[in-house]
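Please work from the sequences and hints to get the whole structure.
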Amino acid sequence: MAKNYSSTQNISSGIDWLVVAVYLILVSIGILCIFMVEYKPNTDVLATFINGKTNYSKQLIFAGVCLIAAIFILLTDSKIYTAFANLSYTFGIILMLATFVVGKSINGSKSWIPIGGGFNLQPAELCKIFTALALAKYLSRQETDFSKLKSQLIGGALALAPAILSVLQNETGLALVYLSFFIVMYREGLPPGLLIFGFSFGALVIATLIVDPNTLALTLTAIAILTIYFVRKQLKRNKQLLYLIIVLWALSVGIQRFAVPYIFNNVFQCYQSTRIYSMVGKDYDCSKNHHHSNSSKANYKPPRKPDDYNVRQSKIAIGSGGIFGKGFLKGTQTRGKYVPEQHTDFIFTSLGEAFGLVGSLLFLLIYLFLLFRIVIIAERQRSTFSRVYAYSVASILFFHIVVNVCMTIGLFPIIGIPLPLISYGGSSLLTFTILIFIMLRLDADRQMVLR
Amino acid sequence: MPAFNQSRSRVIQIVFAIVFIIIAAQLTNLQVFSKKYKLQAENNAIYRKVIYPDRGIIFDRKKRSLLENSIMFDLVVTPAETRGIDTLAICNLLDIDTAEYKRRMRDIIFKNTSVRPSVFEPLLSQELYARLNENMYKFPGFELSERSVRSYPFHIGANFLGYTAEVNPAFLAKHKDEGYEMGDYTGMTGLERTYEKVLMGQRGIKRYIKDNRSRIQGPYENGLFDTAAVAGKNLYLSLDAQLQALGEKLMTNKVGSIVAIDPNTGGILCMVSAPSYDPNYLTGSERSKHFNKLYKDPRLPLLNRAIYTTYSPGSTFKTVVGIVGLSEGVIDERFSIVCNGAFWGCGNGRPKCLDKGTFNLTSAIAHSDNTYFATVYKRILDQQRYGGADSALKVFNSYAYTFGLGHRLGIDLPGEQPGNIPVSAYYRKIFGKNWNSCNIISNAIGQGEVSTTVLQLANVMATIANKGWYYTPHMVDSIEGNEFDDLLNRFKEKHITDSNIPDTVYEAVQNGMQGVMEYGTGAAAQVPGIVVCGKTGTVQNFYHGIAQKDHAFFGAFAPRNHPKIAIAVLCENAGFGAQSAAPIASLMIEQYLKDSISEPDRKLKVDEIAKLNLIPARMKAEMNRLDSIKLKREEEEQNRQNIQEQLLDSTATETTEAILPNGIEQPFQTIPHQPIPQKKQSVTLVALLMPEHKKKKTFQFNG
Chain A
1 MAKNYSSTQN ISSGIDWLVV AVYLILVSIG ILCIFMVEYK PNTDVLATFI
51 NGKTNYSKQL IFAGVCLIAA IFILLTDSKI YTAFANLSYT FGIILMLATF
101 VVGKSINGSK SWIPIGGGFN LQPAELCKIF TALALAKYLS RQETDFSKLK
151 SQLIGGALAL APAILSVLQN ETGLALVYLS FFIVMYREGL PPGLLIFGFS
201 FGALVIATLI VDPNTLALTL TAIAILTIYF VRKQLKRNKQ LLYLIIVLWA
251 LSVGIQRFAV PYIFNNVFQC YQSTRIYSMV GKDYDCSKNH HHSNSSKANY
301 KPPRKPDDYN VRQSKIAIGS GGIFGKGFLK GTQTRGKYVP EQHTDFIFTS
351 LGEAFGLVGS LLFLLIYLFL LFRIVIIAER QRSTFSRVYA YSVASILFFH
401 IVVNVCMTIG LFPIIGIPLP LISYGGSSLL TFTILIFIML RLDADRQMVL
451 R
Chain B
1001 MPAFNQSRSR VIQIVFAIVF IIIAAQLTNL QVFSKKYKLQ AENNAIYRKV
1051 IYPDRGIIFD RKKRSLLENS IMFDLVVTPA ETRGIDTLAI CNLLDIDTAE
1101 YKRRMRDIIF KNTSVRPSVF EPLLSQELYA RLNENMYKFP GFELSERSVR
1151 SYPFHIGANF LGYTAEVNPA FLAKHKDEGY EMGDYTGMTG LERTYEKVLM
1201 GQRGIKRYIK DNRSRIQGPY ENGLFDTAAV AGKNLYLSLD AQLQALGEKL
1251 MTNKVGSIVA IDPNTGGILC MVSAPSYDPN YLTGSERSKH FNKLYKDPRL
1301 PLLNRAIYTT YSPGSTFKTV VGIVGLSEGV IDERFSIVCN GAFWGCGNGR
1351 PKCLDKGTFN LTSAIAHSDN TYFATVYKRI LDQQRYGGAD SALKVFNSYA
1401 YTFGLGHRLG IDLPGEQPGN IPVSAYYRKI FGKNWNSCNI ISNAIGQGEV
1451 STTVLQLANV MATIANKGWY YTPHMVDSIE GNEFDDLLNR FKEKHITDSN
1501 IPDTVYEAVQ NGMQGVMEYG TGAAAQVPGI VVCGKTGTVQ NFYHGIAQKD
1551 HAFFGAFAPR NHPKIAIAVL CENAGFGAQS AAPIASLMIE QYLKDSISEP
1601 DRKLKVDEIA KLNLIPARMK AEMNRLDSIK LKREEEEQNR QNIQEQLLDS
1651 TATETTEAIL PNGIEQPFQT IPHQPIPQKK QSVTLVALLM PEHKKKKTFQ
1701 FNG
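Protein sequence lines, in the order shown, are assigned to chains A and B. Position one of the first sequence corresponds to residue 1 (my numbering), numbered consecutively onward. Position one of the second sequence corresponds to residue 1001 (my numbering), numbered consecutively onward.
Worth flagging that the hints you see were computed from the coordinates, not collected in a lab. These numbers come from a predicted model, not from an experiment. Hints may contain errors.
Straight-line alpha carbon distances no greater than 20 Å define the calculated SDA-like cross-link-like pairs of lysine to any residue that follow [to be verified]:
| hint | chain 1 | residue 1 | chain 2 | residue 2 |
| --- | --- | --- | --- | --- |
| 1 | B | K1035 | A | G322 |
| 2 | B | K1038 | A | Y309 |
| 3 | B | K1038 | A | V358 |
| 4 | A | K330 | B | I1046 |
| 5 | B | K1197 | B | D1184 |
| 6 | B | K1036 | A | K104 |
| 7 | A | K40 | B | R1213 |
| 8 | B | K1036 | A | T208 |
| 9 | A | K330 | B | Q1040 |
| 10 | A | K40 | B | I1046 |
| 11 | A | K337 | B | I1046 |
| 12 | B | K1035 | A | V358 |
| 13 | B | K1036 | A | G322 |
| 14 | A | K330 | B | R1213 |
| 15 | A | K330 | B | G1223 |
| 16 | B | K1063 | B | L1488 |
| 17 | B | K1035 | A | Y309 |
Rendered as structure tokens:
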């Protein structure tokens, strides 16, 4: 505990300045990106930056607030995070439940709590931090043996409880983020087969909805053949492996060709199928639905084409950037406001248009560097609590980055989740700041064993 | 504790890396290999604005501008920005009702969306502009936008300058790849049309960034890719504006035309077509109204009679017959003939001649003796060596062609007519294959099937003046810069009639033409102090088969030595050529050679001729008829309104309920016969627009 005493004397000791630097760089890039989106020629740039009326000037203020919060976190004692982990998680869950009572509906999801002064709090956002702490607390308990199924189920329940509440709030995007905790649990001993199976199944169902059935069947067959080719040496020794592959292949194609269509057409009601399809940006043809065709054929209206305006404009903006981009403030699509929600969820498009492939890759490399750095930080912790927490931070960041970027380049259905540290928005920026700086605080005390 | 899971950190890092590589691959695909996004982005976001250059100016030979560009204003509206304006106020200013306002707005929004500016009222009058300008601040969304229009400081040259007008869909379809857009202006007639490419200049394109609602955000790339508009090139004509003005003055209240050519260059010195109109009449806000009026005028002022209408050349053609006779050797300069009142070579005493006596070539031209030229023409066609009239006529025609007759000369104006030099195939159809010279003897004196434009006749005069060569007559002497010089190359090519014709042949003809002025039919047209060679012509003509008063023709060149001007004048239905056409030519020659008409008696002559009204009777009648129809229609309209007013007054005094059924029916019962001349009139108009030069082929006589 003498260590603890000295660290409060000098907050800078043991801080991983590299992460702090990357954090500052990303926040700056974010403000510049918002500036690119909102820029109007013939205005006094400096004045608009400090007047607090434009979004980039607001983001600048948010960044200032976050910096204060960061310093405050660095000044705290690491032990309070272990001490209040469970309590904060309980508080978060209560907040999320409270939305069902006092919640305010914004953009169709009743996941906000008005806190006065025009500000709204989204508990699901905060709950990411609490869940990370709670999961770290649970896994770092001496009595927890994560190789046991019971522990794995409890860990999974901790991670998924806020996610389920989030889905009930009609905020699917944030709910998906909680899936990232499975990466952490994998690191802590969750059997890989379970993860692989789970993700494969999810991917297969989504792929069934998005991809043309025949193309998908061919792709699956190709994957099976390639797998057999790569493991051909093991096959000689182990015939069962071949059977396994064939059974898996048959199962996948079966699910894809028959099970999923059957469930969507015969088990689900028309509106349910439509909702699930629209979640992946597709349109469900209700005339195929069993329930529907039984009821009223006369009232049937042909489905409207799915509105892919957002992703089309997003792809145009990024695609028109070319290799080197159009240059800072020269993006025509950005200037013309063609991409909706460009300052929040589609902020990556402004970067892609202005700086092209080179800029985009450099930007992604900064992220990748941050993720790798966090993994390194995680692995150097002496206490399980800090390690699990650091992995949570890496996983949440990773999930956000990948889903957001894939969404803008048309690899993922549109789900409204922000790009960490870049997208406009105070609560998102604050959440990630707290996430990262708690990790840095814990890392500064990495010699200490926290439970 | 779970240190055994440490290898999994590696797996997690690899998963991170793989996912990032997938993203990088898709980015590469989008940004490097998919070209369509660049194109779509451009279509999305770049607005191309066409910048119209100034149209080229047209100058005369002394660098006086015949037309200029002046600024007029269009009232332009962006419907989306007009919310909340006082509609009634702007309607009052424009003198339209709100229904009309709404109709125009609807049309504009339908054609050009509500976020882009469209013309609400084009080419405002000065007064309206002033009224609107001081009230503009009240009407956001409306603005006054400049437009360059033509103005004509000398008020001359309408017929050859032509006009510009908005392109129509047919024009756009025809000129698909030339970059015209709906709403553009293009030269429709005259020089504006021929030299459209020269005058229009090169359009510039400015690129702007537009936003998702097509609003302009600012220049694209600071104008890096913009192209500047290049102003149209100026045209320098060989025309003399003063001469043109005098010509137009002399031709007031006459129907016909004047063409003067500089024989040394082929440059047109003046081209008058009468009646004409002030070219300023067809610019500005009332253009379409004025155009309609001109279009319906029975005198056809929109017609360029100098090149479009063809006439029998009459006696002026005798000069050509004489030259062909001399060079074919069927006569010589001493050959003479006695005329005792008629030509008896074909046994029927036709054509007749006015002056009895003995004539050689010179005096035959001077006195315009029909018998002499009928004899010459008959001899040419009867030559044994060609073995028949067919081939002999071919020989004669080949001479005629070298004088620029029977085909388009190729002047740089649209709508030139070729005239007609009849060929044997035509006569075979009428007279059978054994036709002979007597069948077509009236051609000898420029009647019959021979027809020429006034331009061609002026060119014949220039050819005789030059003793056997001419340059293609042309309006444009030079073009600013040298980009378009190849357009003018064909005017630098000398056309030689026949190098075998010796100068003495032309001397003989010129002698005769000088004689015309000194003691012959054109004595009235002498120019003091200048040796003029001329030839009168009086042309019988028919309109719808009815004989009309003769056309007066006069061709001349001066001075005889080193000629500087060749001229042809035609006054339709003006009677004997010496009374109108000849003095006009003489005044024109004097003006051109002396630069002014200074003698008081000559000035008096100018006014006298200008006052002379020679509008053909049938046109006068037609004009009167149209006027009376208009008058009658106005009367009837007034009548109708009176009746309606009376009716309204009467219904107002009684209870509306009881009278209503009657009140509705009554107007229809009490209205007098609806004016029906509408239909009748359109029939007449069509007839009037038919070419005038259709003449019956009959044997005609003239003096």
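Results for each hint:
1. B:K1035 x A:G322: Holds: K1035 (chain B) and G322 (chain A) sit about 9 Å apart, inside 20 Å.
2. B:K1038 x A:Y309: Holds, at about 17 Å.
3. B:K1038 x A:V358: holds, 16 Å
4. A:K330 x B:I1046: holds, 12 Å
5. B:K1197 x B:D1184: holds, 14 Å
6. B:K1036 x A:K104: Cα-Cα ~42 Å, so violated.
7. A:K40 x B:R1213: Holds, at about 16 Å.
8. B:K1036 x A:T208: Not OK: K1036 (chain B) and T208 (chain A) at ~28 Å, beyond 20 Å, violated.
9. A:K330 x B:Q1040: Given that 20 Å is the threshold and the Cα spacing comes to 16 Å, the pair holds.
10. A:K40 x B:I1046: holds, 16 Å
11. A:K337 x B:I1046: holds, 13 Å
12. B:K1035 x A:V358: holds, 17 Å
13. B:K1036 x A:G322: With a Cα-Cα distance of about 11 Å, the restraint between K1036 (chain B) and G322 (chain A) holds, given a limit of 20 Å.
14. A:K330 x B:R1213: holds, 19 Å
15. A:K330 x B:G1223: holds, 12 Å
16. B:K1063 x B:L1488: holds, 19 Å
17. B:K1035 x A:Y309: holds, 19 Å
Hint compliance for this structure: hints 6 and 8 are broken, all remaining hints hold.
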